[in-house]
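These protein sequences, in sequence, are chains A and B.
Just so we're aligned: 59 in my numbering is position 59 of the first sequence, and the numbers increase by one with no gaps anywhere.
Just so we're aligned: 78 in my numbering is position 78 of the second sequence, and the numbers increase by one with no gaps anywhere.
Think of the hints as simulated: they come from the structure by calculation, not from any bench.
Please note: incorrect hints may appear among the correct ones.
Result set (DSS-like, lysine-lysine): computed pairs, CA atoms no more than 30 Å apart in a straight line [as the list claims (entries may be wrong)]: (1) A:Lys-268 - B:Lys-258; (2) A:Lys-256 - A:Lys-492; (3) A:Lys-388 - A:Lys-204; (4) B:Lys-251 - A:Lys-324; (5) A:Lys-324 - A:Lys-8; (6) A:Lys-268 - B:Lys-251; (7) A:Lys-230 - A:Lys-263; (8) A:Lys-253 - A:Lys-8; (9) B:Lys-258 - A:Lys-318; (10) A:Lys-324 - B:Lys-258; (11) B:Lys-67 - A:Lys-426; (12) A:Lys-426 - A:Lys-380; (13) A:Lys-447 - A:Lys-252; (14) B:Lys-251 - A:Lys-263; (15) B:Lys-233 - A:Lys-318; (16) B:Lys-251 - A:Lys-447; (17) B:Lys-67 - A:Lys-406; (18) A:Lys-204 - A:Lys-55; (19) A:Lys-252 - A:Lys-263; (20) A:Lys-388 - B:Lys-258; (21) A:Lys-268 - A:Lys-236; (22) B:Lys-251 - A:Lys-380; (23) A:Lys-204 - A:Lys-380; (24) B:Lys-251 - A:Lys-256; (25) A:Lys-426 - B:Lys-258; (26) A:Lys-324 - B:Lys-233; (27) A:Lys-447 - A:Lys-253; (28) A:Lys-380 - B:Lys-67; (29) A:Lys-230 - A:Lys-206.
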Amino acid sequence: MTIVLEAKNITKQFPGVLANDQVDFDLRQGEIHAMLGENGAGKTTLMNIIYGLYKPDSGQVSVRGEPIEIHSPKDSIQAGIGMVHQHFMLIPVFSVAENIMLGDETVRYRWALGGKLDQKTVAKRVRELSHQYSLDVDPTALVGQLPVGIQQRVEIVKTLYRNAQILILDEPTAVLTPQEAEDLFRIMHELTEKGVSIIFITHKLKEVLAIADRITVMRAGKVVGTVKPKETNEHKLAAMMVGREVILQVEKKAAKPQEAALKVDGLKIRDFRGLEVVGDISFEIRGGEILGIAGVQGNGQTELIEALTGLRSVAGGKMLFAGKDVTGCSPRTLTETGMAHIPEDRQRHGLVLPYAVADNMVLNTYYLPPFGVRGILQPKAIDANARKLVQDFDVRTPSPYVPTSKLSGGNQQKVIVARELSRAVKLLIANQPTRGLDVGSIEYIHKEIVLMRDLGVAVLLVSAELDEITALSDRIAVMYRGQIVATVEAKKVTREQLGLWMAGGHPEGVPSRRCPEPVEGCCA
Amino acid sequence: MQNSEERTSPQTKSILRFMRLTLNALGVPLLAVLTAMLVGGVVIALAGGDPFRAYLGLFQGAFGSPKALSETAVWASPYIFAGLAVAFAFKGGLFNIGAEGQLAFGAVMAALIGYALPGWLHIDLPAFIHIPLAIGFGALAGALWAAIPGALKAYTGGHEVINTIMMNYIALNLTSFLLNGPMRDPNPLNVVARTPLIAESARIPPLFEGFRVHWGFVLALLVAGLVWWLLWKTTLGFEIRTVGANPDAAKYAGINVKRTIVLTMAISGLLAGLAGTIEVTALNHRHELGFSIGYGFDAIAIALLGKTHPLGVVLAALLFAAMRNGATRMQFLTQIPVDIISVIQALILLFVAADAIIRYIYRIRARDERVVLTRGWGG
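Could you put the whole structure together from the sequences, leaning on the hints where they help?
Written out as structure tokens, the structure is:
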């Protein structure tokens with residue numbers, strides 16, 4: 001088979017980090033080549049070099065045997081390389097056709113004020129491409145109104161429209177439901193059959209084994225090896241990524257639930273436009289159990305967690321925490337009552353990035369003795385706390401006084417976990433606690449969460465990763481369009497069933513909650 | 001178990017850290033000043049002057065004699081206070097353009113307490129009561145004036161840049177009304193808008209007999225230390241810096257973000273108010289309309305040049321003071337107009353604000369830590 005893309009001997013040095021160390025990589029015509037590696041392993045750096053966002057210190061990228069100089073994404077598009085980023089680069093208020101031609105506009109009457117956009121020709125071409133690769137994209141639809149799965153297809157069409165023959169997909173399944181992911185895999189196969197070659201970046205081992213033709217594993221800037229799915233398995237791949245044996249299955253004993261720590265009754269949340277984003281939710285979590293909330297992102301989980309942690313006001317309903325009515329209480333009151341919160345967006349809510357690790361470790365307890373005494377910070381107590389937590393929670397940092405921004409994502413998350421779990425807590429709310437983290441950190445954080453449960457803490461876990469939910473939870477609630485559509489024992493449910501509920505399928509035997517009154521954006 | 005590095009006491013470490021950070025922080029501003037002087041030199045040469053003689057004159061005028069030093073310190077006093085005011089707001093994520101108005105308002109209040117209070121109370125106040133009263137009320141006036149845009153920002157989302165500018169207009173016109181009307185010096189010989197002289201008991205004395213440099217300069221240095229202590233050693237400072245660096249995280253951490261914003265602006269205004277107060281009580285002994293024009297805006301340049309750090313602000317204020325003070329001698333020696341100093345100051349500000357230029361010229365790598373100037377409109 002012809003090699004369409006080859007990167008030879010790529011080395012890229014960032015201050016203090018050798019991001020790529022003599023990396024060799026090749027992509028054959030019509031294959032799906034998975035890039036696997038922990039965060040910071042160098043896979044993104046390599047892709048950015050291929051896509052022209054970074055310049056390598058040494059090494060050569062060749063396309064179809066010809067060495068090419070890539071200085072910008074424009075050059076790589078010229079060379080037939082297209083990239084679909086994890087976060088879509090689409091303009092929601094533009095139509096599909098407008099988004100696709102953006103940056104490469106087809107124009108008629110160029111002499112008149114720069115010309116008129118030729119929507120028709122673009123739409124025709126989009127339909128052709130869509131038909132050719134069974135993508136099913138309507139060029140006239142507004143992007144903002146499309147589901148995430150379809151938006152991703154728009155991104156793919158966008159690259160095909162620019163005649164891309166090499167596709168780089170960066171973590172494409174992170175935002176999809178299991179069903180949407182299946183669709184994506186079908187499309188990927190369709191593309192490779194027609195001769196397109198695909199680089200598939202991911203950290204999900206199951207997907208890699210299911211879809212890739214070859215798998216290249218990177219660790220610490222180096223290529224550890226390239227293997228075929230038949231020759232390997234999840235354990236071997238994980239060990240290659242981390243460099244040691246990894247326990248993929250979370251080991252946990254049966255839960256010993258105690259009395260309810262948190263009771264939520266009829267909670268309603270409206271967004272800034274007054275639309276109901278969470279409608280009439282009721283549930284309870286008992287000490288010593290993990291309640292997992294499954295659901296595709298954007299179904300009200302974020303708003304629910306913000307309301308539970310006091311960051312967002314509620315439109316109705318009641319919250320009882322540790323026997324106290326805490327509806328509308330401030331984050332400080334909730335923290336003092338014994339709530340720990342691992343926020344969804346660790347860099348936005350969980351950390352002050354320019355602050356030293358030591359300061360972030362007292363971010364919500366700085367005013368309490370021993371850290372703050374009569375309004376004066378106590379550097380010795382803060383220092384002792386930081387040193388202890390760095391040790392206990394294995395935070396990899398040169399010193400407790402480096403800015404937290406210098407730490408890797410996994411270690412940043414460990415700072416938050418250390419801070420939240422080192423207090424006496426009754427309830428832990430963990431929202432996407434392992435998103436974007438490497439296998440080693442995930443393993444660690446999962447262990448900590450189970451440990452808290454065994455100590456009698458009530459745990460509310462929100463995750464878009466179905467594997468994480470099923471691995472950790474004792475009970476699972478599925479959220480869809482601001483409602484809990486099903487609550488089940490974790491043992492008594494299959495992935496497929498959960499996936500169906502997440503996509504809006506009505507659970508058998510569990511009556512689906514209807515909105516009390518028809519509200520836009522809910523049950524619409 | 002512990003290695004030798006681990007055993008270094010936290011104090012030693014923090015001193016080392018502090019020195020390293022100081023060196024890092026000084027890099028760009030120093031180079032900005034140097035570059036501005038070079039470009040300024042070219043401008044002087046183009047205008048037909050001798051840049052070396054000009055800068056020599058500038059230096060002599062600023063530091064060449066005890067009197068020159070004294071005058072530089074006199075200039076520096078309000079600059080330090082006003083620079084601290086703007087820098088303090090920056091630390092809390094707020095851009096206080098209103099130092100000008102807060103300063104004028106502080107000066108009005110200090111003057112009022114200074115000349116009118118003994119009359120109202122029908123007693124002669126001793127200096128140790130009268131001076132603190134004048135300073136305190138002047139500071140309070142500045143604090144109140146700044147707390148208004150602070151509250152507007154916190155509770156309505158109105159942007160503090162717009163609102164402090166508007167408050168400047170109100171303050172300056174109100175001052176003009178007061179100095180032309182109710183507070184005007186009734187002396188029949190007076191033809192300008194100014195208050196009567198403040199009582200002797202309200203005057204901050206000079207440091208040395210025969211020189212104008214006064215205890216207000218010492219107070220400014222003390223307050224700079226106090227601001228540093230407040231920002232980095234107290235829980236309140238932690239709250240202010242957290243709100244400034246990441247308001248979302250501050251909210252998550254249970255900090256009352258709205259209250260903190262109002263408080264940050266109030267303290268910023270208090271410092272600006274002190275700048276005006278010092279000028280009235282230690283130097284002019286009255287409020288004359290327009291004496292402070294431009295201080296509040298120079299303060300922004302000083303805060304930026306000082307990288308919003310209290311120590312940096314003191315150094316930047318001394319530099320600006322030296323340039324203002326030395327300019328007269330420079331003009332006397334070389335006939336180069338003092339306005340060239342404004343050009344150089346503008347260049348310094350330009351190079352500090354657009355530090356990419358300096359980094360490009362001297363090949364300095366960018367750092368993560370950036371000064372947060374202000375957050376999005378309405379944010």
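Please list, smallest to largest, the hint numbers that this structure does not respect. 3, 5, 7, 8, 11, 15, 17, 20, 21, 23, 24, 26 and 28
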